[in-house]
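Protein sequences appear in the order of chains A and B. Numbering (this note's numbering) for the first sequence: 1 to 190. Numbering (this note's numbering) for the second sequence: 1 to 190.
None of these hints come from the bench; they were simulated from the model. Wrong hints could be hidden among the right ones.
Just so you know, same-sequence chains aren't split out, so a pair can sit in one copy or run between any two.
To be verified - As a list, the in silico DSSO-like pairs of lysine-lysine whose alpha-carbon atoms are at most 30 Å apart:
| no. | residue 1 | residue 2 |
| --- | --- | --- |
| 1 | Lys-81 | Lys-7 |
| 2 | Lys-7 | Lys-115 |
| 3 | Lys-21 | Lys-81 |
| 4 | Lys-81 | Lys-177 |
| 5 | Lys-50 | Lys-40 |
| 6 | Lys-21 | Lys-116 |
| 7 | Lys-50 | Lys-95 |
| 8 | Lys-131 | Lys-81 |
| 9 | Lys-13 | Lys-116 |
| 10 | Lys-115 | Lys-13 |
| 11 | Lys-5 | Lys-115 |
| 12 | Lys-7 | Lys-116 |
| 13 | Lys-81 | Lys-103 |
| 14 | Lys-13 | Lys-81 |
| 15 | Lys-95 | Lys-115 |
| 16 | Lys-115 | Lys-21 |
| 17 | Lys-40 | Lys-7 |
| 18 | Lys-131 | Lys-103 |
| 19 | Lys-21 | Lys-95 |
| 20 | Lys-131 | Lys-50 |
| 21 | Lys-81 | Lys-95 |
| 22 | Lys-40 | Lys-13 |
Spelled out, the chains give:
Protein chains: 2
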Amino acid sequence: MDILKEKIAHYGKVFPGNILKVDGFLNHQVDTALLREMGKEFGRLFRGEKITKILTVESSGIAIAAFTAYEMQVPMVFAKKSQTKNISAEVYTSKVMSYTHGKVYDIIVSTEYLKKGDRVLIIDDFLANGKALMGLIDICNQAGAVVAGCGIAIEKAFQGGGDELRKKGIRIESLAKIASMTDTSLIFAD
Amino acid sequence: MDILKEKIAHYGKVFPGNILKVDGFLNHQVDTALLREMGKEFGRLFRGEKITKILTVESSGIAIAAFTAYEMQVPMVFAKKSQTKNISAEVYTSKVMSYTHGKVYDIIVSTEYLKKGDRVLIIDDFLANGKALMGLIDICNQAGAVVAGCGIAIEKAFQGGGDELRKKGIRIESLAKIASMTDTSLIFAD
Numbered sequence: 001m002d003i004l005k006e007k008i009a010h011y012g013k014v015f016p017g018n019i020l021k022v023d024g025f026l027n028h029q030v031d032t033a034l035l036r037e038m039g040k041e042f043g044r045l046f047r048g049e050k051i052t053k054i055l056t057v058e059s060s061g062i063a064i065a066a067f068t069a070y071e072m073q074v075p076m077v078f079a080k081k082s083q084t085k086n087i088s089a090e091v092y093t094s095k096v097m098s099y100t101h102g103k104v105y106d107i108i109v110s111t112e113y114l115k116k117g118d119r120v121l122i123i124d125d126f127l128a129n130g131k132a133l134m135g136l137i138d139i140c141n142q143a144g145a146v147v148a149g150c151g152i153a154i155e156k157a158f159q160g161g162g163d164e165l166r167k168k169g170i171r172i173e174s175l176a177k178i179a180s181m182t183d184t185s186l187i188f189a190d
Numbered sequence: 001m002d003i004l005k006e007k008i009a010h011y012g013k014v015f016p017g018n019i020l021k022v023d024g025f026l027n028h029q030v031d032t033a034l035l036r037e038m039g040k041e042f043g044r045l046f047r048g049e050k051i052t053k054i055l056t057v058e059s060s061g062i063a064i065a066a067f068t069a070y071e072m073q074v075p076m077v078f079a080k081k082s083q084t085k086n087i088s089a090e091v092y093t094s095k096v097m098s099y100t101h102g103k104v105y106d107i108i109v110s111t112e113y114l115k116k117g118d119r120v121l122i123i124d125d126f127l128a129n130g131k132a133l134m135g136l137i138d139i140c141n142q143a144g145a146v147v148a149g150c151g152i153a154i155e156k157a158f159q160g161g162g163d164e165l166r167k168k169g170i171r172i173e174s175l176a177k178i179a180s181m182t183d184t185s186l187i188f189a190d
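Only chain A is shown next, with the shape it has when bound in the complex (with noise of 0.2 Å):
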């Protein structure tokens, strides 16, 4: 998608141990305009798939979810991070390592919100090992919901998280892919 590979092109920073910041547009500051046109690309990306849900993880996929689940008129469900006293008891979870905080924590998402017969589209900005993303779909697994495909804003291709999932038959798109990243540079893959 050229106008997000664009904005990465031009604000994008990056540091030291393949981190790429996009806070300016992205994940802290967010510019809704590019938002609305990467849901209506998910959209029209995955309008055959019969989706009946947006699933996603706090916090900066949810803005991006949001404009693909408004895009596609379906509900969106953002799994949360930890336990609090607004979730109902009955939930589905899944423990995932965090690249970016260098931890482990556990997803959660209510059994309420995802049931068997949705076909989920996965939504998250970054895809780099795929650890949240197999969380994500462990949670639908126990739902006994499928998952029709995965829409990543920016997939770091060369950490490999992205091929290791299409081997096992996931479908999915991401919008910008970057091949390669030194400290200094960032090749995007096509």
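Go by the hints and put chain B onto chain A.
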């Protein structure tokens, strides 16, 4: 806002301890068509305020703030709740007592994304004792930005936080204001 009040009356669940659970349409599963209308309503209410930025705090405020920012055509910034590798070192921080989680946490905004001269509309899903808003207002003050107003989805008016802030001259617009709640009932203020 009638469609929000109808949703609360129909799908909201009241639990002991003044807990109003709206996770079927607002903060776990999300009705984005409703959020688009809420964004339009905040846009209408604050049209004259020359807003330059929408500010919220992760996670439940993000989707509401995103649609408000989209409507008003300004950037949205969401404060983070813990320091991560992906936030630059130069930040504003404030301490907030969470009613929902029963603990104190830091909220963080990069100095890059909030500046002197900004006119900020703060958005959040709930206003109860006002602690989250006070933290976000504190961050605006640190930045030298003007708090032009606060847009709230659901105000628990009986907990007093809203009126305390209004007495300080802060403009607060709540789309649904709850006058009282018992373990089995809920009465709107107007």
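Give the relationship of Lys-95 and Lys-115 under a CA distance limit of 30 Å: within one copy only, between copies only, both, or neither. The answer is within: 20 Å in one copy meets 30 Å, while 38 Å across copies does not.
Reference check for the pair Lys-21 and Lys-116, CA-CA at most 30 Å: within, between, both, or neither? Between. Shortest inter-copy distance 24 Å satisfies the 30 Å Cα cut-off; intra-copy 37 Å does not.
Between Lys-81 and Lys-7, at a C-alpha cutoff of 30 Å, which is it: within one copy, between copies, both, or neither? both (29 Å within a copy, 26 Å between copies)
Quick one: Lys-81 to Lys-95, C-alpha cut-off 30 Å, is that within a copy, between copies, both, or neither? both (10 Å within a copy, 20 Å between copies)
Could you place Lys-7 and Lys-115 in one of the four classes (within, between, both, neither) given a Cα distance threshold of 30 Å? between (37 Å within a copy, 22 Å between copies)
Intra- versus inter-copy proximity for Lys-21 and Lys-115 (alpha-carbon distance at most 30 Å): So Lys-115 and Lys-21 pass the 30 Å test across copies only (20 Å; inside, 35 Å).
Homo-oligomer pair classification [Lys-81, Lys-21; C-alpha up to 30 Å]: For Lys-21 and Lys-81, the Cα distance is within 30 Å both inside one copy (22 Å) and across copies (18 Å).
Within a copy, between copies, both or neither: which one fits Lys-13 and Lys-116 at a CA-CA cutoff of 30 Å? Only across copies: Lys-13 and Lys-116 sit 24 Å apart there, 41 Å inside one copy, limit 30 Å.
Cα distance capped at 30 Å. Does Lys-131 pair with Lys-103 within a copy, between copies, both, or neither? both (12 Å within a copy, 28 Å between copies)
Under a CA distance limit of 30 Å, which applies to Lys-21 and Lys-95: within one copy, between copies, both, or neither? both (25 Å within a copy, 25 Å between copies)
State whether the alpha carbon distance between Lys-50 and Lys-95 is at most 30 Å within one copy, between copies, both, or neither. within (28 Å within a copy, 44 Å between copies)
Cα distance capped at 30 Å. Does Lys-81 pair with Lys-103 within a copy, between copies, both, or neither? both (12 Å within a copy, 16 Å between copies)
The structure fails none of the hints (numbered hints given earlier).
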